[in-house]
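Student: Listed below, chain by chain, are the residues.
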Amino acid sequence: MATQPFMPLPGGLHLPTFKTLSASRPLAEAPLPAELVFPLQLRGGINAVPTVSAGQRVLKGEVIARAAFENLPPLHASSSGIVRCIENRLLPHPSAMEDLCIIIDTDGLDEALPLQPRRHFSLESRETLRAWLIEAGVLGLGGAAFPTGFKVDPGKRRVDTLILNAAECEPYITCDDSLLQHFPHEVLQGAIILMHILSVEQCIIGIEDDMPEACRSLENALRARAYSGIRLQRVPALYPSGGEKQLIQILTGREVPAGGIPADIGIVCQNVGTAGAVYRAIEYQEPLVSRIVTVTGHGIHEPRNWITRIGTPIAHLTAASGGYTNAAERLIIGGPMMGFAVSDDQLPVTKASNCILVAGHEDLPEPPEVMPCIRCGACAEVCPAGLLPQQLYWYGRADNQERLEQHELFSCIECGCCNMVCPSHIPLVQHFRASKGKLTLKRREREKADHARVRFESRQSRKEEEKRSKAEATRRKREALNLNTPEVTHTEAN
Amino acid sequence: MLGVIALVLIFALLGSVLGFSARRFRVEGNPLVEKIDAVLPQTQCGQCSFPGCRPYAEAIARGDADINQCPPGGQDGVDALAELLGVESKPLAAEPRAEAGPVVALIDENTCIGCTLCIQACPVDAILGSAKHMHTVIASECTGCELCLPPCPVDCISIVPVKTGIADWKWPAPDDKVA
Amino acid sequence: MKEYLLILVSTLLVNNFVLVKFLGLCPFMGVSRRLETAMGMGLATTFVLTLSSMSSYLVNHYLLEPLAITYLRTIAFIVVIAVVVQFTELVVRKTSPLLYAMLGIFLPLITTNCAVLGVALLNIQSGHDFMQSMLYGFGASLGFTMVLVLFAAMRERIDAADVPAPFRGNAIALITAGLASVAFMGFSGLVRG
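As you go down the protein sequences, you meet chains A, B and C in turn. Using this note's numbering, you'd call the opening residue of the first sequence number 113 and step up by one each time. Using this note's numbering, you'd call the opening residue of the second sequence number 5 and step up by one each time. Using this note's numbering, you'd call the opening residue of the third sequence number 258 and step up by one each time.
Same shape as in the complex, but just chain A (with noise of 0.2 angstroms):
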């Protein structure tokens, strides 16, 4: 089955991966937490509308708030519990922001919705099946968070293959693998169901060469069943393959256009933790309450995988898996490439908590002093987007934003490879960030400011428009009034 994958990743690095700090305990059901905390905010920066309030029982998989408008995921209590209250609480995420979020305290009773009975999916419309991702809350589960619902409606565009990501790229993460050792059987139903609704049949199963033991699971479950469409291959272990964008050129060599999506050249990429998700929401009506995430670093005891409610606290988890060490340093949600770091211990677990990483100072060594560019273009070697870091970066700090959108800024992943190969420590994805968030005000800016002339300059013609219909009535009323009347002198202003 393991054929040559299309091409080779342009650029990328082989990292050390330090995945057998994690590997090596079995995954577990984590302990249900004392308290669960949801965070309101959707995409889009608008606040779901809480629909419990304080006081009120919840069930494991009711819908415990709503976007007030728009056709959003729901969010969903992950076990059964009385709300404590709804109040600002400290984000998971990287701007350190307060904003609303649901606490519920659980009873332990781990009580579920009971279920209503349904036909097979093959027999249900494929847009009931995305209303049912969509009313399941499931999400991407590879980091991004998109809703399934949308991504598997690729509207008018044609899709000819789904590819699941199972490339775990980024060190130290290893809950896809976990994920396809212990349930690999979820993935392949969840996967034969997203192909009947994108109507596609094929699907290539995309995993790094450094995952046996998984490789050999996915194996066996397609062997034991018969799963027609779906072959799994191979891809050299070298980070970042696991990139939506990076993992479709490689098996299939088509290039995502820049500002486009995978579906303008007919592919849906899925993660294998998404699949299993679309596979309990759609044959268990389970709503996407759980995933399984990696606690690991040499700052905790016991680094290992756990199924985790959604909502859980860090906290919770740490000390589930032997508590910290004297070595914990930081504290990372997500890897130590592409996560970021916070400063409380009782923040949740969202569903794009993919790893909590505990660093100790091997994990992630203080940064050196920055020193000038020498311009080397190392940078630009191991960029898996074909990027100029280097230009990027100089055309960041003299802030031109013309040269930086036609280098494609925006075609950056943020992977940090160049930032690991800058012989001068330059921290590369840090300054691309924020140029990227200057240029999207503008074009905010700008798109307002566009808006605004448009009614400007039609309430100008309204105006006009009144003035000169006025102006007409005045003019008949006079002549209506017959010419006896001498030309007045024009007092009226004019």
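The set of hints was computed from the structure by calculation and includes no laboratory data. Careful, some of the hints might be misleading.
Sample of chain C residues with no beta-carbon within 10 angstroms of chain A, all distances over it, derived [as the list claims (entries may be wrong)]:
hint : residue
1    : Lys259
2    : Val266
3    : Leu320
4    : Thr331
5    : Leu355
6    : Phe363
7    : Pro365
8    : Ile381
9    : Leu392
10   : Met411
11   : Arg414
12   : Gly443
For lysine-lysine, the following DSBU-like pairs were computed, each having C-alpha atoms within a straight-line distance of at most 30 angstroms [what the hints assert, rightly or not]:
hint : chain 1 : residue 1 : chain 2 : residue 2
13   : B       : Lys94     : A       : Lys548
14   : B       : Lys174    : A       : Lys550
15   : A       : Lys589    : A       : Lys579
16   : B       : Lys167    : A       : Lys554
17   : B       : Lys136    : A       : Lys582
18   : B       : Lys136    : A       : Lys579
Quick partial rundown of chain B residues pointing at chain A, CB under 7 angstroms, derived from the structure [claimed, not checked]:
hint : residue
19   : Cys49
20   : Asp129
21   : Ala143
22   : Ser144
23   : Thr147
24   : Pro178
Ideal placement from N, C-alpha and C gives every residue a C-beta, glycine not left out.
Place chains B and C on chain A using the hints.
Tutor: Coordinates of chains B and C only, in the frame set by chain A:
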């Protein structure tokens, strides 16, 4: 003598060719004004001393106005105009507003008497309401130009900063102090 | 044929008008901050140079020489060049108002570009016929455009770089121009004679 006559004839010929071309390639209006207007922030506030953004753009194109008279555009706006016109940038003429960041107008509904004076003043129709009925500012349309404040007879309009959440948050620039 | 190729190579590289003959430095320094403006200027100058070298040859050959008024050559050429430049200005204003605004005063200043008058006079001096004059003008303008574009590309990068304060702007540009000029001396053996 002959030479002078010949030259004068040639020059007359060339001159008439030029005259015909000038008529043939005549340009109506000034398309540059569109480009300048596209850079301006469209708050129509009048702080540049012109009655709106387009008159200011026209003045710049004519050469009657300087490029640094627009406070809502900020220093970024002045730089963009300098870039567009190929001239040296210069500092903003006026001091920027006290609060940083976007602002909108807010009507105190307890005090509003429904006189519609602010509605008539708003250049982008961002105030909703009618005579003797409650007025309210449509925050998403308000540009913060402050033209509604002077006409209000009961002084019930205030300027407040726009509430920002994590969707508006941007990564800060790293502070690497390189020489 | 070979002779025309020689003229082209010579004006493009060996005797490049900007970096070797040091003519036309005014637009070279003034219009080279942005790549798009530099390309526009190069195209405008190409148009002017080719047209003016052809028309100045015609004026010289059919008017000045037969009537023995070659002492009026400078005046006649200047007028011809001015007319061509005015015509170019009208065309540019119509087709690309943005380029017109960006070039600003440098568009009519092509009239005083010593490279343009230089080409016209050098054509006479070298005794070129019509075809040779046109190619000479075209090659000179291509060389001008090429150097202008290269220099603009370099200046854009320099403007974004960490230049010490006393050198920023035109100072570092002139130093770069000097270095580019030294580099072009490497072409001097390319064409024999």
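Student: Closer than 7 angstroms between Cβ atoms is the bar; does B/Asp129 clear it against chain A? Give me holds or violated.
Tutor: Given a least distance of 5 angstroms, the restraint on B/Asp129 holds.
Student: Please settle this one: C/Leu392 was flagged as non-interface, so is its CB more than 10 angstroms from every CB on chain A?
Tutor: 35 angstroms, holds
Student: Decide, holds or violated, for the assertion that all CB atoms of chain A are farther than 10 angstroms from the CB of C/Gly443.
Tutor: 23 angstroms, holds
Student: Given the hint that B/Lys136 pairs with A/Lys579, test it: the Cα-Cα distance must not exceed 30 angstroms.
Tutor: 24 angstroms, holds
Student: Take a quick look at whether B/Lys136 and A/Lys582 sit within 30 angstroms of each other, Cα to Cα.
Tutor: Distance ~24 angstroms between B/Lys136 and A/Lys582 Cα, so the pair holds.
Student: Can B/Ala143 be said to touch chain A, with a Cβ gap under 7 angstroms?
Tutor: 12 angstroms, violated
Student: Going by Cβ atoms, does C/Arg414 stay more than 10 angstroms from chain A at every point?
Tutor: 7 angstroms, violated
Student: Using Cβ atoms and 10 angstroms as the threshold, tell me whether C/Leu320 really stays out of contact range of chain A.
Tutor: 48 angstroms, holds
Student: With chain A as the partner, please determine if B/Thr147 meets the hint condition of a C-beta pair closer than 7 angstroms.
Tutor: Nearest chain A Cβ about 5 angstroms off; hint holds.
Student: Closest CB-CB distance from C/Pro365 to chain A, is it above 10 angstroms?
Tutor: 27 angstroms, holds
Student: Does C/Lys259 sit more than 10 angstroms from chain A, CB to CB?
Tutor: Holds: least Cβ distance 41 angstroms, greater than 10 angstroms.
Student: Taking the closest pair, is the beta carbon of C/Ile381 still more than 10 angstroms from chain A?
Tutor: C/Ile381 is indeed farther than 10 angstroms from all Cβ atoms of chain A, at 44 angstroms.
The structure fails to meet hints 11, 19, 21 and 22 from the earlier list, while all remaining hints are met.
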